[in-house]
Amino acid sequence: MSGSTSGPISGPISGPALSTRSALELEGIDFSFAARANGINVALYKDFSLRIEQGSIVTIMGASGAGKSTLGRIMAGIVIPQKGIVRRSPDFKRPSDLVYVDQHPMNGVFPWQTVLENVRYPLEKLKWESRERRDRICYLMTLFRLSALSDVYPAQLSGGELQRLALSRCLSWKPKLVILDEPFSALDGQVKAEITSALHELALKDRMTLVLITHNVADALALGMRCIIIARRPVRVMSDLDFHLGFPREENTADYGVMQQALINGIRDGLV
Amino acid sequence: MDWLRRKWRALSFVGGLLALWAIVAALRLVDPIILPAPWNVARAMPGMLRERLLADIGWTLFRVLAALVIACVFGIPAGLFLGYRQRAYKVVEGPLHALRSIPASALFPLFLIVAGVGETSIVALAAYPSLLVILVNAVSGAALANQSRLYQARLLNLSSFQMVSDVLFYEALPSIFDGIRTAVSYSLVLVVAVEMFIGLGERGLGRGIYLYQSSYRIPETYGAIMIAGMIGILLNWVVTKLQHHMLRWLPNVREEQ
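Those protein sequences? They're chains S and G, same order as listed.
My numbering runs 55 ahead of the 1-based position in the first sequence.
One point on numbering: in my numbering, the residue at position 20 of the second sequence is 1, and numbering is uninterrupted.
Excised from the complex, chain G in its bound form (with noise of 0.2 Å):
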């Protein structure tokens, strides 16, 4: 009851754009093989389920974690040093942004050259432009770190690693968690992407889409849509718990709760 008086204006725009959606489809304002009805959508859902449905999920939901996780382990720490070591960002800094503006997509048929096709690809594609963006977060992070804390951490005599993981890290996290965010996004668009065009026997939303779409199964290529950007919605809800679970010391973060 709570959470509902919270969100109801939120549901209500939701069930606002599906009446409208319902009320176009239903006076046939539009072709319904552009726009299909949303109860057929509707029931075309458990013939998706019965066919494949589960498995795209899996599989999509798998390369995109895959892909941030590889983007976190790898650009954070990388990120958090080079901000910690300026000049060392200093060096770097350029072909790092020369790499940043080439888009992922351009690089793909590459990655199939490199690692061939198959997961490793679809997977390193993702993480690419999802490390760079974590990387540079975590770089201006800590470059934005309190220099009075910076002091008092020095008194102690920390080492490097402590510094980093002990000071840098929390410093930068705010920051860190605005790149998850953007690289959340950049990972769920480039695997369904990449999933289209990948071999006939293959999983993944993109590869659903795709076949739904070639057959002319129309409420089926809608409601896989649909269920990619409720992936999209689910990751988002993901990162911001988590967000708020570690960075509750922060103190916005805590007035908003």
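Pulled out of the complex, with its shape left as it was, chain S reads as follows (with noise of 0.2 Å):
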């Protein structure tokens, strides 16, 4: 235990075991709840330990309430597990490295900076220099479909047109990880195949390892390459599957349907 609790997750050196290819690994990860009305600790996570690797895009799926959240803030080190090792890949280096971005959008953004200031003020804060600046910040209010709100404010958008802003600010700066909590659980289907596009593109130009965390299927299936089912009490990993499917998705596929039935079945156990 000594040794284990303290250091790894608050320093971005990582420890020895770290394979060169990892973004992110967690290792023997215990972590309980004290703040139950009965004062027993409630265990949501025991022994629990997973890797993803470097230039992924995984999705993370359980349903409600099984501590999926908890997960991904463990992961950005918001959270401190009681026991275990999380290591971060070395080339994070600084702290906007490794972004988590929660599921509500209102608390990714800054409501009282407008849309083009919630974007160019983490950039002006890193320093970058203003050319590249201006660059990015026309990327991605084009990519995002943003450009014609420059002057709103958050309050004044609409749930998908806010979930556009918060993660484009969240990307903004080039994150090497992005953990993303419920990123189109607001949205409707044409907005959510917009984003899921926009993202696609980033991740690929930009380098980034996507982690997206879900509870439903269809959105598990929408991006990425390797879907990660979890159950709950304790939380344990039900099956990692891989993806062989194309980007955009084609969901009348044969493939698309036995991973679907694949994810569907999944879920269904990780309840039990």
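Incorrect hints may appear among the rest.
[Claimed, not checked] Computed list of chain G residues with no C-beta within reach of chain S, every gap over 12 Å:
no., residue
1, L46
2, Q128
3, A134
4, L136
5, F150
6, G213
7, I214
8, P232
[As the list claims (entries may be wrong)] Computed beta-carbon distance windows for the label pairs:
no., chain 1, residue 1, chain 2, residue 2, range
9, S, E172, G, K71, 31 to 37 Å
10, S, V207, G, V(-5), 37 to 43 Å
11, G, P232, S, R262, 56 to 62 Å
12, S, T197, G, P232, 25 to 31 Å
13, S, Q137, G, V220, 46 to 52 Å
14, S, E184, G, R(-10), 56 to 62 Å
15, S, S240, G, R(-10), 41 to 47 Å
16, G, V11, S, V207, 45 to 51 Å
17, S, S185, G, V220, 46 to 52 Å
18, G, P232, S, G312, 25 to 31 Å
19, G, K(-12), S, V207, 50 to 56 Å
20, G, L(-8), S, T197, 50 to 56 Å
21, G, P76, S, E172, 48 to 54 Å
22, G, D159, S, P303, 32 to 38 Å
In case anyone wonders, no lab produced these hints; they're calculated from the structure.
No residue lacks a Cβ here, since even glycine has one placed at the ideal position from N, Cα and C.
Assembly of the complex is requested from the two constituent chains, each provided in isolation within its own frame, with the hints serving as guidance.
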């Protein structure tokens, strides 16, 4: 226990055991909530391990209340597990290299800044050169179709627009690993398809590692190449599936149907 | 016209009160020494204007505004800093609340000794509880700041100053405005009260009210009291306008407009 509970999460330098291709590794994570009415510790995680490869797009799927968001927060270092090691790639030198994007998009933007200011502010503070900054803002505003909304405050945006803003803000500075918590939950089909393709383009272009957290089979299938289904109490990996599907997804193919069925089975088993 | 349509309820309530006052005065239900007729109060106004009213209003307004400016300039940054550094707040929390529970008027003799009779003590006395209420509101506003947004801000390697000025200030702003609103009434109450007890040659609405009352010029007394009330309404209106402008990004403020 000694040495494993402190240190590894706060520092960007990883332990010696991190495999060179890993963006992030969790090993032997124990995490429990003490704040229940009867005062009994509820073990949410027990000896949980997971490995995320660099440059991959991974979906973590589980039923509601399974502890998916907690997993995202543990990965991001927001929540410190009672036991276990979180190893990050030594490439993550700055705090901004690893981002967790909250499932409520309003939590990921500054509501007192306009759309344009929201995208510009992080780049200014991270000391981007003004030319690069302008190009990046222009690219993102176009990709997420926010150009016409530059001077609008987040509170005036629709759910889909707000989600697009939250994403473009968090992705603006080219983070190396992004954990997106339910990024499609508030979106209808058309908007979802747009955001998915924007994310796909950015992940490839900026060589981002992307972790998507969702409870929804269709969302899990929308993007990525690997899906981890987790079961709860305590959280464990139910199944770890590799997708062999192209992008954009074609929903009427046999492969898609097979994967869909595999996910439905997986999440049903995870509920038991 | 549009303004009238929106405000007619509030206006007719005020009109009703005035009418009631007029009826009570016309029927002499109350001794005019205690309650003069509204038209007598109105008739006293031109005379008051010639005498000292404008200077009184000017001085009172100046003192209230000076107290508020001091309270904001020191209270907001100090409160935000304490809200940001919760550990520092825990250290000063006890004495702070102890200070807050002393009635400001009880401290006036002390202020007179420290700052002497004059502007400094009046403004300082009004600034004192105003500063504390704004500070405490800034602390609680900053302490209630959205944790996810603070996480987002920390990713950007902000300095402590930027953290406070770019993030916590806005997170706490709705709460700060609640504090300012309370501070406006504190300042006005204290300034007017203290003006009653300062030297004979001094100006100020409180002084005016006191002098009119002590020479039994009752309509003038009422007139000056009503002016003091209107100053309160005016200051509140200004704060509301400022709040609407500075919080125009807040969802609920938008919907009200």
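Hints, one by one, checked against the model:
1. A cut-off of 12 Å between C-beta atoms confirms that G:L46 is not in contact with chain S; the least separation is 26 Å.
2. With a least CB separation of 8 Å from chain S, G:Q128 falls inside the 12 Å interface cut-off, contrary to its annotation.
3. Interface exclusion of G:A134 from chain S breaks down, the closest Cβ pair being 8 Å apart, not more than 12 Å.
4. A cut-off of 12 Å between C-beta atoms contradicts the statement that G:L136 is not in contact with chain S; the least separation is 5 Å.
5. With a minimum CB-CB distance of about 9 Å to chain S, G:F150 fails to clear the 12 Å threshold, and the non-interface call is violated.
6. Separation of G:G213 from chain S is adequate, the least Cβ-Cβ distance of about 29 Å exceeding the 12 Å criterion.
7. With a minimum CB-CB distance of about 29 Å to chain S, G:I214 clears the 12 Å threshold, and the non-interface call stands.
8. The Cβ of G:P232 sits about 4 Å from the closest Cβ of chain S, inside the 12 Å cut-off, so the non-interface label is violated.
9. For S:E172 paired with G:K71, a C-beta distance near 34 Å keeps the hint of 31 to 37 Å intact.
10. Remark: the range hint 37 to 43 Å for S:V207 to G:V(-5) is upheld by a beta-carbon distance near 39 Å.
11. Separation of G:P232 from S:R262 is about 37 Å and departs from the stated range, judged on CB atoms against 56 to 62 Å.
12. Hint check: S:T197 to G:P232, Cβ distance near 27 Å, so the stated range 25 to 31 Å holds.
13. Distance hint check for S:Q137 and G:V220: the Cβ-Cβ separation is about 48 Å, which falls inside the suggested range of 46 to 52 Å.
14. Between S:E184 and G:R(-10) the C-beta distance comes to about 58 Å, which sits within the given range of 56 to 62 Å.
15. Take S:S240 and G:R(-10): their Cβ atoms lie about 43 Å apart, and the range 41 to 47 Å holds.
16. The given range of 45 to 51 Å is broken by G:V11 and S:V207, whose C-beta atoms sit roughly 58 Å from each other.
17. At roughly 38 Å, the beta carbons of S:S185 and G:V220 sit outside the given window of 46 to 52 Å.
18. At roughly 42 Å, the beta carbons of G:P232 and S:G312 sit outside the given window of 25 to 31 Å.
19. Between G:K(-12) and S:V207 the beta carbons are some 30 Å apart, a value that contradicts the proposed interval 50 to 56 Å.
20. Distance hint check for G:L(-8) and S:T197: the Cβ-Cβ separation is about 52 Å, which falls inside the suggested range of 50 to 56 Å.
21. Taking the beta carbon of each, G:P76 and S:E172 are about 39 Å apart, not inside 48 to 54 Å as hinted.
22. Separation of G:D159 from S:P303 is about 50 Å and departs from the stated range, judged on CB atoms against 32 to 38 Å.
Of the numbered hints given earlier, the model fails hints 2, 3, 4, 5, 8, 11, 16, 17, 18, 19, 21 and 22; all others are met.
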